[in-house]
Amino acid sequence: MAEIQINSLNKSFGKSRVIKNVSLCIKSRSFTVIVGPSGCGKSTLLRMIAGLEKIDSGEIKIAGKSVNDLPPKDRDIAMVFQSYALYPHMTVFNNMAFGLKLEKKSKIEIKERVKEAARILQIESLLDRKPKQLSGGQKQRVAIGRAITRNPKVFLFDEPLSNLDAALRVATRIELANLHDSMPDATMVYVTHDQVEAMTLANQIIVLSEGQIEQIGSPLELYEKPQNLFVAKFIGSPAMNIIPIEIFTKGINSFGKIGEKLKISLETNFNSSDMGREIYLGFRPENLILSKKDENSFSARVSFVESLGEYALVYASVEGSSSDHDIIAKVLGTPKISKGDQVSFQIQKGKMHLFDEEGKRYVNGKKQV
Amino acid sequence: MSFFSLISTVIVGVLFFVIYFGLSNFILDLVCKFKSNSVALENSVRAIIFIAPAFLVLFMFILYPVFETVRLSFYDKFGREFVGWNNYLWALNDPNFRRSILNNLGWLLIVPTLSTFFGLVIANLTDKIWWGTIAKSIIFMPMAISFVGAGVIWKFIYDYRGTGDQQIGLLNAIVVSLGMEPQAWLTISIWNNLFLMAIMIWIQTGLALVIFSAALRGIPNETLEAARIDGASEFRIFWSIIIPFLERTILVIWTIITILVLKVFDIIYAMTNGEWQTEVLANLMYDWMFRGGGDSGRGSVLAFCIMIGVIPILVWNLYRHRQEQKNEI
Ligand SMILES: Nc1ncnc2c1ncn2[C@@H]1O[C@H](COP(=O)(O)OP(=O)(O)O)[C@@H](O)[C@H]1O
Ligand SMILES: [Mg+2]
Chain A
1 MAEIQINSLN KSFGKSRVIK NVSLCIKSRS FTVIVGPSGC GKSTLLRMIA
51 GLEKIDSGEI KIAGKSVNDL PPKDRDIAMV FQSYALYPHM TVFNNMAFGL
101 KLEKKSKIEI KERVKEAARI LQIESLLDRK PKQLSGGQKQ RVAIGRAITR
151 NPKVFLFDEP LSNLDAALRV ATRIELANLH DSMPDATMVY VTHDQVEAMT
201 LANQIIVLSE GQIEQIGSPL ELYEKPQNLF VAKFIGSPAM NIIPIEIFTK
251 GINSFGKIGE KLKISLETNF NSSDMGREIY LGFRPENLIL SKKDENSFSA
301 RVSFVESLGE YALVYASVEG SSSDHDIIAK VLGTPKISKG DQVSFQIQKG
351 KMHLFDEEGK RYVNGKKQV
Chain B
1 MSFFSLISTV IVGVLFFVIY FGLSNFILDL VCKFKSNSVA LENSVRAIIF
51 IAPAFLVLFM FILYPVFETV RLSFYDKFGR EFVGWNNYLW ALNDPNFRRS
101 ILNNLGWLLI VPTLSTFFGL VIANLTDKIW WGTIAKSIIF MPMAISFVGA
151 GVIWKFIYDY RGTGDQQIGL LNAIVVSLGM EPQAWLTISI WNNLFLMAIM
201 IWIQTGLALV IFSAALRGIP NETLEAARID GASEFRIFWS IIIPFLERTI
251 LVIWTIITIL VLKVFDIIYA MTNGEWQTEV LANLMYDWMF RGGGDSGRGS
301 VLAFCIMIGV IPILVWNLYR HRQEQKNEI
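Quick mapping for you: the protein sequence lines, in order, are chains A and B. Numbered per the numbering used here, the first sequence finishes at 369, counting up by one with no gaps. Numbered per the numbering used here, the second sequence finishes at 329, counting up by one with no gaps.
It should be emphasised that the hints constitute simulated quantities derived from the structure, not laboratory data. There could be a bad hint or two in this list.
[Stated by the list, open to error] Taking beta-carbon pairs under 10 Å as the criterion, some of the chain B residues facing chain A (in silico): (1) 179; (2) 181; (3) 226; (4) 228; (5) 291.
The beta carbon of each residue, even a glycine, is placed where N, CA and C say it ideally should be.
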């Protein structure tokens, strides 16, 4: 039972505000991923939870208890660093046993717990080696092992996979997911800039940007209902297509206009007061279908096709009123189109995202998209 | 020598070497162009060309004197008549020589250890406080003072005036103000050695401090933080993480100070001149070599002894260096 509750947390380094009034709740036993672009304050937030960074104002509670004034070692946490941060002169065994020795556990217990962690992580054969003699992936396992042996309530991971090569990253990601399943009582907080890691690992994602929370939700919620433009663009790969659109007709099925000739049904109910508003239309590449020309389709000129066999990425540009807008479509199979073609796309029903002038998700009375 | 001739000597010297290196390199290039032998040979010849001048200087000013010292140690006080092992036998039976050996051993045990220890601890502590840089500069300052200068300063600290007189020595002033008898510190044998060592420690701690401070920056912050999360106290971090991390640096500093201490001379010369049983080898050597007419035979024996003391440390250092290079490959 280790819920992490954060209330109006603030942190500045000198003049720059890094964490701006952040409040959130990390549910006990969840695998929560904090995701955001580099420099948005993810590490700082994590380090404040760990107690490595002083907080300017606000409160952090772990398991219902305020830890503001507790040193790291009394917070019942373990942390895995991006740089592994192994103790270079100690063997793998001693690296993993260090915390237990400090807790004055018996020799037998230490041995058992290290062996057990080594078994889970499949590093039993490395116990006598020094960190220098390990590969990046092995070092990462040892760093995770060091966290496991101490059996803390909360695990904190700071971009643990970013120093690994692509194949190893995928493999380790799956192992981390399994690790969480095998330790159901642990709360895991995982920081990454990689939205794929976030989507695959998390059951709760916190999207952070410039020290502020953009959205908290399950991976699916973020994918299907991004609350603002930032999340919309950040989650998903290739990123969501966003084009500005002018509200053109009112009523149950309002139309928006992109260019002089291009009009799209917005599946939303706008009033007469909304006429002429410039809002944003978002749609994911995978929600575009090639179609015949009709009233729900819009045409675009293909500028490039990346055919990957299973699917093809079609880069195209839509003629706008002031300038052209580049979009990407993810089309299954191998479509017979090539550079320079004029094609018609349709957005799948119910897969439109509308954002208002401030970039907030557009919600209107009855008909929320 | 006038300023002008000094400058012209320097210019001629520099020019000579520029021409030497330029010309020999040029000739080598020419030769190699026409006779394209193996690259390895060319490289080794080039190495010899560039090392040769330095080696010559080294030979003239270091190796030759070593041989000459060994030779002289078997001759009489004027370096004329061969006397066999006589000078060595004399040394073995000389109470001053024995005292010097003992004192030198004491210096060797205490000074490098304490200097390194203080340097390490202070480097670690000054890293944590905002006025650390100021503290470091102050502690490093004695490094800028010559040993003789340091001796003069410390003479004032240990200075002794008769009971009743105004004590101008810092130490005695303190002692008297605490209501105790003033002491002639430098004459209290055995202890006076420690008082002299304090001067050397005072100077060398600065050196150790600066090098350790730089080395401390090499320890990744995250490693220390990991230890902190693991529950290690600051002392434990120092002991279990920092010290092992600095092992190489500690050895280097310890060696540097050890070699320096083996040759310790100036401090003794300025403070006690070996009186009151504070004699050390270097001062004893100076005494025999240059005082009272001089005895190049006995002086050389003593000089040779100092060299014998330094050699194992140098060899061990070279060996370690090789070992480390091997490990890195
Ligand atoms: N110790 C520090 N001193 C000054 N600025 C810092 C410090 N740590 C982080 N920052 C700044 O705070 C911002 C957020 O950093 P960080 O939390 O590491 O970002 P992230 O982990 O999301 O990439 C960055 O702009 C960084 O330059
Ligand atoms: Mg970071």
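Okay, the hints, checked on the actual structure:
1. 179: Constraint on residue 179/B not satisfied, violated at 46 Å.
2. 181: 50 Å, violated
3. 226: 4 Å, holds
4. 228: 5 Å, holds
5. 291: 51 Å, violated
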